[in-house]
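Trainee: Residue strings, one per chain:
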Amino acid sequence: MDLLSLFVRSIFVDNMIFAFFLGMCSYLAVSKSVKTAFGLGLAVTFVLVVTLPVNYLLQTKVLGPNCLADGVDLTFLSFILFIAVIAGIVQLVEMVVEKFAPALYASLGIFLPLIAVNCAIMGGSLFMQQRIGLEPTDPKAITDIVSAIVYALGSGIGWLIAIVALAAVREKMAYSNVPPALRGLGITFIVVGLMAMSFMCFSGLKL
Amino acid sequence: MSLSKKNKEAFLNPLTINNPVTVQVLGICSALAVTAQLEPALVMGLAVTVIVAVANVVISLLRNTVPNRIRIIVQLVVVATLVTLVSEVLKAFAYDVSVQLSVYVGLIITNCILMGRLEAFAMQNGPFESLLDGIGSGLGYAKILVIVAFFRELLGSGKLLGFNILNYDCIQNAGYQNNGLMLLAPMALIICGCIIWWERAHNKDLQEK
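Quick mapping for you: the protein sequence lines, in order, are chains A and B. Per numbering that gives the first Met the number 0: the first sequence = residues 0 to 206. Per numbering that gives the first Met the number 0: the second sequence = residues 0 to 208.
Because the hints were derived from the structure by calculation, they are not lab data. Quick reminder that beta carbons are idealized off the backbone N, C-alpha and C, glycines included. Please note: incorrect hints may appear among the correct ones.
Unchecked claim - Chain B stretches covered by chain A per the calculated footprint, using a threshold of three residues with CB under 8 Å from any CB of chain A:
(1) 19–28
(2) 64–78
(3) 83–94
(4) 105–112
(5) 126–132
Stated by the list, open to error - Covered stretches of chain A, as calculated for chain B (at least 3 residues, CB under 8 Å):
(6) 13–23
(7) 120–127
(8) 184–192
Please model the complete structure; the sequences and the hints are all you need to start from.
Mentor: The following block contains the structure:
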């Protein structure tokens with residue numbers, strides 16, 4: 000039940016885009032067609048699910064206070080190590096996608112390497128680091144590696160839903176008459192704002 | 000000290016016609032998340048300016064020695080080191096603000112402004128130009144942060160930098176109320192959209208077809 004609650008909360012309540020603005024850059028840049036948006040959303044979900052457990056182990060077995068040896072606290076190294084893990088795994092994913100799904104690779108183009116600097120991935124790891132310290136009774140707490148994976152999956156799916164929804168709206172918006180100064184970026188911001196407002200109705204959600 | 004025309008452009012363009020947030024669409028994540036109040040927005044703007052400027056100089060000095068294949072990793076390591084330093088300094092001297100900024104200090108690493116400027120500018124230009132470009136980009140980013148935070152804090156909680164501006168009885172009795180929605184996530188996006196609208200209405204070159 001706790002895992003289900005964590006999963007649903009990370010999709011709707013703590014949505015990466017609408018609540019924390021993570022991964023906004025690629026979110027705005029790649030959301031012009033539903034197909035590419037779906038591809039990028041899947042890639043983000045996949046990278047999150049792979050990197051978060053690795054970073055969880057890194058944090059709890061190596062970096063955290065008194066983990067490596069008594070009185071040693073290496074938390075200040077977490078930024079560098081997390082980003083190194085993420086960059087390495089993204090490189091791997093890129094090679095796998097290029098080998099087994101060339102069509103997807105061609106359509107994602109430049110954006111796959113950019114996942115390394117996608118704030119959603121790094122943000123996922125940093126939020127997880129914060130949540131490790133919470134009380135186990137807190138619905139947000141991440142207590143073991145399974146809950147870390149569940150959190151990663153939920154966050155990724157939340158990101159996927161957000162980008163596909165925006166891409167669908169933008170595809171329709173191509174036919175509407177937007178004032179010239181708002182065209183493109185401006186109206187996209189406002190649409191995302193309205194979508195975020197509608198997602199706020201989930202904020203009291205309890206399971 | 001007089002600057003050549005190119006250097007002036009490197010410094011001033013990011014502040015106006017080539018703003019990193021509203022024109023190049025870089026670094027939006029943190030720009031929106033830390034702007035519920037003015038103080039964290041100022042600190043964040045300052046931190047990013049310092050990091051972009053220093054990282055630009057370092058990468059520009061290294062640009063001829065780093066093999067092309069591993070440049071991204073080198074850039075990430077330089078940036079991550081600088082961010083770690085800034086984060087420790089913030090924790091030591093401005094603990095309250097660093098708690099407010101929470102994960103967004105760490106997320107400066109993945110702020111696209113950094114990678115964007117390092118890749119597009121510092122890899123091709125000398126250290127001094129890169130320094131100017133870094134400061135310009137950082138200030139351009141800080142400018143948007145401060146504008147958004149100004150409206151959100153003033154209209155949302157009636158304060159600026161924590162000082163009371165609108166929460167007086169005479170104003171409240173006249174029917175004015177703080178708009179709590181301003182403090183929530185959606186309004187950051189909408190205000191940013193409005194800034195872009197205003198900017199493009201005044202500068203037709205930036206409009207998209």
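Trainee: Hints first: check each against the structure and report whether it holds.
Mentor: Going down the list of hints, with the structure as the test:
Requiring three or more residues with a Cβ within less than 8 Å of a Cβ of chain A, the coverage given for the stretch 19–28 of chain B holds, as 6 such residues are present. Counting residues of the stretch 64–78 of chain B whose C-beta sits closer than 8 Å to any C-beta of chain A gives 4, which meets the bar of three, so the coverage hint holds. Counting residues of the stretch 83–94 of chain B whose C-beta lies closer than 8 Å to any C-beta of chain A gives 3; at least three are required, and the coverage claim holds. Evaluation of the coverage hint for the stretch 105–112 of chain B: fulfilled, as 6 residues show C-beta separations to chain A shorter than 8 Å, against a requirement of three.
Coverage of the stretch 126–132 of chain B by chain A is violated. Counting CB-CB distances below 8 Å, 0 residues qualify, and the rule asks for three or more. Only when three residues or more bring their CB closer than 8 Å to a CB of chain B does the claim for the stretch 13–23 of chain A stand; here the count is 7, and the claim holds. Chain B is given as covering the stretch 120–127 of chain A, and this holds because 5 residues of the stretch bring a CB closer than 8 Å to a CB of that chain, at least three being needed. With 8 residues having a beta carbon nearer than 8 Å to a beta carbon of chain B, the stretch 184–192 of chain A meets the requirement of three or more and the stated coverage holds.
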